[in-house]
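Residue-level listing of the chains:
Protein chains: 2
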Amino acid sequence: MAVTIRDVARESGVHVSTVSRAFSAAHMVNAVTRTRVMAAAERLGYRPNRAARALSTRRTANLGVIVADIANPFFPPLIKAAQAQARERDYHVFVADTDERARVEEELVRSMAKQVDGALLVASRLSGRVIAELGRDVPFVVVNRRVRGLPCVLMDVASGTRQAVDHLVALGHRDIAVLTGPSASWTAQRIRGAAEEAAARHGAGLHPVGPNPPTEEGGAFAAAEVVSGPATAVLAYNDLVALGLIREVEALGLSVPGDLSVVGVDNTHIARHCRPALTTVDMPVVAAGRGGIDLLVHRVTTGEDPGTVTLDTRLVVRESTAPPRSPLTRP
Amino acid sequence: MAVTIRDVARESGVHVSTVSRAFSAAHMVNAVTRTRVMAAAERLGYRPNRAARALSTRRTANLGVIVADIANPFFPPLIKAAQAQARERDYHVFVADTDERARVEEELVRSMAKQVDGALLVASRLSGRVIAELGRDVPFVVVNRRVRGLPCVLMDVASGTRQAVDHLVALGHRDIAVLTGPSASWTAQRIRGAAEEAAARHGAGLHPVGPNPPTEEGGAFAAAEVVSGPATAVLAYNDLVALGLIREVEALGLSVPGDLSVVGVDNTHIARHCRPALTTVDMPVVAAGRGGIDLLVHRVTTGEDPGTVTLDTRLVVRESTAPPRSPLTRP
DNA sequence: ATGAAAGCGCTAACAC
DNA sequence: GTGTTAGCGCTTTCAT
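So the sequence lines, in the order shown, correspond to chains A and B.
Going by full-length UniProt numbering, the residue at position 150 of the first sequence is 150; the numbering climbs one at a time, nothing skipped.
Going by full-length UniProt numbering, the residue at position 128 of the second sequence is 128; the numbering climbs one at a time, nothing skipped.
No lab work stands behind these hints, which were simulated from the structure alone.
Incorrect hints may have been included.
Some residues of chain A that are not near chain B, with every Cβ distance over 12 Å (derived) [claimed, not checked]:
#1 A26
#2 M28
#3 A39
#4 R53
#5 D69
#6 G128
#7 L171
#8 H207
#9 E216
#10 D294
#11 P324
Under the rule of at most 16 Å between Cα atoms (straight-line distance), these lysine to aspartate or glutamate pairs were calculated in the EDC-like manner [said to hold, decoys possible]:
#12 B:K80 / B:D294
#13 B:K80 / A:E11
#14 B:K80 / A:D69
#15 B:K80 / A:D137
#16 A:K80 / B:D99
#17 A:K80 / B:E100
Keep in mind that this is a model prediction, so the values were computed, not measured.
Backbone N, C-alpha and C define an ideal beta-carbon position, used for all residues, glycine too.
Generate the whole structure from the sequences, applying the supplied hints.
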């Protein structure tokens, strides 16, 4: 049986309420009494039970961070940034992975609800309606998704996407495929929308392929359709998909960027390391993680809606994009 | 104010204890009463408060997973596997990142203590003494570290390390550098120990370099010392370090594996994607995550010590290792 | 400044 | 099968 406040009270010859005050409102207790209490606590190895404290204060000092897939390299830097910022504000962070499944996500939020003061919902796959409903149980901040009535941190992938299309068109591409991501992804919709708009502006053709899972397998799967179409360049939903596509395209005997230019999204560490290094849209994940926690803490401490923050994205050009092979030299 | 068991009791015209039973021991309550209770709960949008339940049952149905660095690609697959297995056993998982800092790790464990039934301590940087002490507050299972008196899941990196040294010697290398990782890392000690032993067996020279942080920066930092020494091959603490070393060695005008062979450890996805693709020791992280949760659940439900599980590792040969340049052709 | 007592939301004997 | 009654460990009035 763990040592409780009661044991400390007995050991130090004061009442439990005094011990409680010594720990949570030090200034309300005589300095020497406090010292005596603390000594007793130390001697006994007492640690406050946060769950019990939460039951009575209705404040856990925990925050939740819910992501679709920890193994997707997009998320870890965001999580780390969130965790660091939360520490700064004296909160602990619990991370949970929904495995890209809306059902799991909903259940996770529900089960987390009473154990955290608020949660960061990153790249949620839930419907806006469900999010709003869950939002009544837990204060949310939503990252990379716009939900009416909830504070949001948005990475404006549209601007980066436009830069990507401009870049491809400038290289001479006239037909661009876009690998659409999960249909429930807000980011996926924004990428596609911005790509369509930018392509139209240049009078270039845009060819949607998908939806496919946001993984290497998803990218590999799309390869056949891409190479059999007219596109000489591809905009992939994310770096993972881009990489899977590249590997499969190479397996089909074509080369990147020689035969096909590929642009990713996220600028994960993979983009720097893979061969060819990936031209990709950089997402400000560290700022998003930090900012998300800031909004969340603001929300849970003041009760106000801190509103929406939008962060810019930009294209990072590396080796996976080049001018299209001229028709004459095509096999 | 959230709706409680009390509201449901009033709404359905039964006593609170009946509502409680309806939720946690359905078979102990009349079917029709139960239906009525459930209907009332549904109508009111009642959700059991897990924290309150935990206070009274002393069981949270949460497990903790504590890792050094979520952004290190070694951890995410392990976390995912653990989370999946825990779900299977009706537990939720809270992940926390210690940022490679022992102080943070200790504090995290302490604060998690009362909110989880047990925790998986992965690649802990704490001293064995502290772990054992904390182990009195929370049931632990320790992954990749041997701690007296605690259940462990060990990935036997020594076997893979031996294979790596054998491989390098077979290629013709006579002098091998080993980039030692964090001195508090059990794995780091095992790698070094096994490498020394294997090198000695072959009569080859082994040259320790470090300790350096287990990151790309750590690897880059070690480059100068490596290239100025006699080694023609390097065994790095992990893939990240290997990659950082390779990049820096290339920046110094040398080539891998032409001028220097490099072996990593972990077989993270980076090893497959980087250029040159990395020869590395594969770690069975998925099995470790799963197995760790199995032991932990066993431990928390039965109270028994499930003992130690050891998993094998093996070398995966890719492109970053080759025979040493013969002295004649050296610049 | 400290003690007494009620209560946070739930479960678990023990009665009936 | 259901109601009664104590707690679980802590905070927070309200007295003193």
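Tell me, which hint numbers fail for this structure?
-> 4, 5, 9, 13, 15
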